[in-house]
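Please construct the entire structure, taking both the sequences and the accompanying hints into account.
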Amino acid sequence: MKLFFYYILIALIVFSCKKDKDNVAFLGGEIINPNTNFVVISKGDTVLDTLSLDNNNRFIYKINNLVSGIYTFKHGGEVQMVLLEPNDSIIFRLNTLDFDESLVFTGNGDKKNNYLINGFLQNEVEQKRIFKFCQLSPEKYQHQIDSLKTEKDLKLKRFKKKYEPSDLFIKIAEANINYNYYASKEIYPFIHYGDNKRDILNALPENFYDYRKDIDYNHDYNRDFFNYNSFLRSTFNNIALKDHMNHSEGDDFNMNTLCYNLDRLNVVDSVISNQTIKNELVFYYTISYLTKNNDYEGNDAMVTSFLSKNTDLDNKNIISSVAKSINNLKTGNDFPDIELVDFKNNYTHIHSLINKPTVIYFWSHKFNDHFKESHYKKNELSVKYPEVTFISINIDDSSTDFCRDSMKKNNFSFENEFKFKNPKESTLSLAIYPMTKTIILDKNSKIVNANTNIFSSNFEEQLLGLINK
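Position in the sequence shown counted from 1, then plus 281, gives you our numbering.
Hints are computed from structural coordinates only; laboratory data are not their basis. Do not take every clue at face value.
Lysine-lysine pairs mimicking BS3-like chemistry, simulated, CA-CA at most 25 angstroms apart [said to hold, decoys possible]:
#	residue 1	residue 2
1	K573	K523
2	K343	K324
3	K573	K718
4	K690	K658
5	K611	K727
6	K433	K494
7	K452	K438
8	K727	K665
9	K705	K573
10	K647	K665
11	K433	K413
12	K573	K409
13	K690	K727
14	K413	K430
15	K605	K727
16	K750	K611
Shown next, in the form of structure tokens:
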């Protein structure tokens, strides 16, 4: 069947190219374990089409009047990029339970796209090594990341010699290497041990960030690169850190303080003139602050600053709703009586499940490692603390059958496992971000802590404090 699918695609390409004079490309794929019945194809911020999967969970899409560049396909909340140029005929196969790692391209144009996705995965693996390198002196750290970059440059050189790719591919591949390298330099002051960031910044060589003068932070085109958004966030974290230390009286640094987060918004506002890029950054920083803090007065100040800088109406509505939800989740308040669905498709209200101290945690297929590790952690804690009920909620807008299959494949019990009846509404009302967010309730459904983490070092202390009340 796979060969048949490929031959059909090739036949379409040959026929179309005769008519379209090479200004066409095809993108096709097979989704294993799909969590919706469609994929969305986009270029930049423009949605080109929404395509239904056939009975074999496959699709084929023809792009006429092709503009060479990065396209995206989205399935069930997961997004992946693909580089398309005239006469490309890309087929991919992926498993939603291991999205990026399972992705394989075949067809005309496969080599360049496999190169790009493998580079993305390599960067993810390297991240742990880089965090360890961050404990070195600035000079030794730079030597280590220079070595990593040299390896990637050589790999690209060999690829160029073997396949003679287009100038566009080379530009994108080089940008991905460079932006990942720059991001590694930008995170150094944050990952380097010690809270005295002033001393760390002062110890950096004068030329450590010389590349910044060559960066156009307002260029929309750069948003297509795999590592650019990560680079931007790390850069403005770092620029704001320097500004913050210039007017901060203390030497110790806490990334979650209101002052620093307002500095981040102000720095973005002063440097970025491209409103689309600015909107994305100030939204990211604001949602991160709101969902990691219980400082309600600080939340109001952050939202006020955000609203003065962001022009995206949808983003404004989301931030206002999240801030309102967080205010409703104060310690001592009643927990919202959210409607749930169990894995037998029975509906229930969460209050009916609570008659003793309760921990609620969340998971999504988008974060497969967290899905597994959170369930392992729950199993461990359930044995240690039988006085506590642990409730697991999937937040995805996918079928119950899909969740049930995921649980079966990992040999997880269905006990106290649920989905939201209304995922979008419930996720917003509980301000679930990041995915590690965990909520602790007492036996009367009163909120004890609406913003903790099942993996935090003091989580068991929080449980013992509640049990011993």
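Status of the hints after comparison with the structure:
1. The straight-line distance between the Cα atoms of K573 and K523 is roughly 22 angstroms, inside the 25 angstroms bound, and the hint therefore holds.
2. The hinted pair formed by K343 and K324 meets the criterion: a straight-line CA distance of about 14 angstroms does not exceed 25 angstroms.
3. A distance of roughly 9 angstroms separates the Cα atoms of K573 and K718; the hinted pair therefore holds under the 25 angstroms criterion.
4. Of the supplied pair hints, the one linking K690 and K658 holds, its CA atoms being roughly 17 angstroms apart against a limit of 25 angstroms.
5. A C-alpha spacing of about 10 angstroms is found between K611 and K727, which places the hinted pair at or below 25 angstroms, so the restraint holds.
6. For the proposed pair K433 and K494, the alpha carbon gap of about 23 angstroms is at most 25 angstroms, so the pair holds.
7. Proximity of K452 to K438 is assessed by CA-CA distance (about 13 angstroms); at most 25 angstroms being required, the pair is judged to hold.
8. Taking the CA atoms of K727 and K665, the gap is near 23 angstroms; set against the 25 angstroms cutoff, the hint holds.
9. Between the alpha carbons of K705 and K573 the distance comes to roughly 20 angstroms, so the proposed pair stays at or under 25 angstroms and holds.
10. For the suggested pair K647 and K665, the alpha carbons sit about 29 angstroms apart, so the restraint of at most 25 angstroms is broken.
11. Between K433 and K413 the alpha-carbon distance is near 20 angstroms, which keeps this suggested pair within the 25 angstroms criterion.
12. Between the alpha carbons of K573 and K409 the distance comes to roughly 23 angstroms, so the proposed pair stays at or under 25 angstroms and holds.
13. Annotation: proposed proximity of K690 to K727 is violated, straight-line Cα distance about 35 angstroms (limit 25 angstroms).
14. Of the pairs offered as hints, the one joining K413 and K430 holds, with about 17 angstroms between alpha carbons and a cut-off of 25 angstroms not exceeded.
15. A distance of roughly 18 angstroms separates the Cα atoms of K605 and K727; the hinted pair therefore holds under the 25 angstroms criterion.
16. A threshold of 25 angstroms between alpha carbons decides the hint, and for K750 with K611 the separation of about 19 angstroms falls inside it, so the pair holds.
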